[in-house]
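K.L.:
Sequence:
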Amino acid sequence: MNHLKRQINNALNQIIAPYHGETPFHLYLKNTFQKNKNWGSKDRRNYRNICYTYWRNYTYLTQLNNENLEDALLQILENPNSECLVHPYKSLKEHISPEINFSLLNVWFLNNPPVYFLLNPKFKTDFMDFKMPFDGTIELEKDGDYSSLIADGKGIIQDISSTLSILEIVPSISDKTIWDCCAGAGGKSLALKMLGKPKSILGSDIRESILVNYAMRFQNLKIEKPKTIKIDLNNTTEISKIEPVDFILADMPCSGSGTWRRTPENLAFFDPSGLAKISHNQFQYLDNIATKVKKGGNIYYLTCSIFENENENVINTFIQKNKNFSVVFQQYFGGPEKNADFIFGALLRRES
Numbered sequence: 001m002n003h004l005k006r007q008i009n010n011a012l013n014q015i016i017a018p019y020h021g022e023t024p025f026h027l028y029l030k031n032t033f034q035k036n037k038n039w040g041s042k043d044r045r046n047y048r049n050i051c052y053t054y055w056r057n058y059t060y061l062t063q064l065n066n067e068n069l070e071d072a073l074l075q076i077l078e079n080p081n082s083e084c085l086v087h088p089y090k091s092l093k094e095h096i097s098p099e100i101n102f103s104l105l106n107v108w109f110l111n112n113p114p115v116y117f118l119l120n121p122k123f124k125t126d127f128m129d130f131k132m133p134f135d136g137t138i139e140l141e142k143d144g145d146y147s148s149l150i151a152d153g154k155g156i157i158q159d160i161s162s163t164l165s166i167l168e169i170v171p172s173i174s175d176k177t178i179w180d181c182c183a184g185a186g187g188k189s190l191a192l193k194m195l196g197k198p199k200s201i202l203g204s205d206i207r208e209s210i211l212v213n214y215a216m217r218f219q220n221l222k223i224e225k226p227k228t229i230k231i232d233l234n235n236t237t238e239i240s241k242i243e244p245v246d247f248i249l250a251d252m253p254c255s256g257s258g259t260w261r262r263t264p265e266n267l268a269f270f271d272p273s274g275l276a277k278i279s280h281n282q283f284q285y286l287d288n289i290a291t292k293v294k295k296g297g298n299i300y301y302l303t304c305s306i307f308e309n310e311n312e313n314v315i316n317t318f319i320q321k322n323k324n325f326s327v328v329f330q331q332y333f334g335g336p337e338k339n340a341d342f343i344f345g346a347l348l349r350r351e352s
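Residue numbers for the sequence shown follow my numbering, so the first one is 1 and each next one is one higher.
Be careful, since some hints might not be right.
[To be verified] The calculated label-pair distances, taken between Cβ atoms and stated as ranges, are:
id	residue 1	residue 2	range
1	9	98	25 to 35 Å
2	319	49	40 to 50 Å
3	23	273	17 to 27 Å
4	64	224	36 to 46 Å
5	128	273	48 to 58 Å
For the record, the hints were derived by calculation from the structure and aren't laboratory data. Glycine residues also receive a C-beta, built at the ideal position from the N, C-alpha and C atoms.
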């Protein structure tokens with residue numbers, strides 16, 4: 001057995017087989033490496049490549065008999081294809097928005113994107129020699145260590161699809177009060193502050209620890225920290241505490257299907273029967289927060305999903321129920337043409 005095939009055998013049996021999707025695979029892999037300190041840096045790099053090649057080709061490889069699996073994975077590693085042998089989203093095609101070019105997803109899924117870095121405007125002139133997909137965002141090597149750039153407050157790592165979705169609404173937020181109701185790590189709020197001129201931002205999330213990290217990211221960039229509040233968007237009593245705002249940014253929890261090329265293990269463990277619950281929650285959150293946007297104001301509904309149920313269908317259901325709202329636009333940002341993740345954005349306007 002040659003060395004690569006032996007490592008494939010180890011990866012399949014010692015790393016992949018015990019993994020059941022409970023934690024993100026990159027964290028699981030890091031923990032596995034810590035338990036196997038005899039694996040050198042080259043071994044770890046090889047195991048990482050084997051595992052992610054397996055996940056990206058999961059749809060094809062799981063159709064094979066176990067006795068053919070190692071040979072098939074070896075062949076893919078030695079002769080990488082420009083697209084998956086079986087379309088990775090094949091079993092989910094009926095759920096994917098008709099606005100998505102399904103055929104392009106195959107190549108997109110295998111194409112590991114570069115790192116995109118949204119610059120802190122204070123330091124933009126320091127990076128004029130870097131490749132810029134558009135003004136204010138630079139493209140970096142995939143496997144570099146950019147912790148010092150982040151620590152020095154030079155900017156944030158953010159896929160260009162997210163930045164494009166924010167650029168689209170920058171004219172709508174000038175001197176406006178904003179509620180970022182699913183603040184998460186704060187990437188969208190930071191982009192709003194760096195690219196636009198909002199009057200104020202309130203960040204909320206259901207997790208207190210997330211809000212602490214959210215505030216620290218603003219502090220690190222030496223940008224004025226927004227106010228934060230812990231809120232469960234299922235709890236209308238808690239939502240009632242929010243003062244009405246001009247603009248609500250609603251970056252909803254979702255399947256993440258538009259980013260799965262970065263986390264391909266999620267495709268392997270995704271159960272489409274759960275889509276109904278996800279979309280129900282998204283609609284409920286959207287319906288609950290709608291009372292807190294002023295007349296003439298906007299809600300910006302965002303997901304990183306390519307599933308129609310989480311995107312167009314939620315918006316249609318919301319508009320049917322809430323006749324005082326209309327759709328200004330809805331579209332997908334990023335995708336294969338821009339070598340980026342997918343972001344769905346729908347700008348909704350409350351009538352005056």
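K.L.:
All hints are to be evaluated individually against the structure, with a verdict given for each.
P.N.:
Structure-based check of all given hints:
{"no.": "1", "hint": "9 / 98: 25 to 35 Å", "result": "violated, 42 Å"}
{"no.": "2", "hint": "319 / 49: 40 to 50 Å", "result": "holds, 46 Å"}
{"no.": "3", "hint": "23 / 273: 17 to 27 Å", "result": "holds, 22 Å"}
{"no.": "4", "hint": "64 / 224: 36 to 46 Å", "result": "violated, 56 Å"}
{"no.": "5", "hint": "128 / 273: 48 to 58 Å", "result": "holds, 50 Å"}
Checked against the numbered hints above, the structure violates hints 1, 4; every other hint is satisfied.
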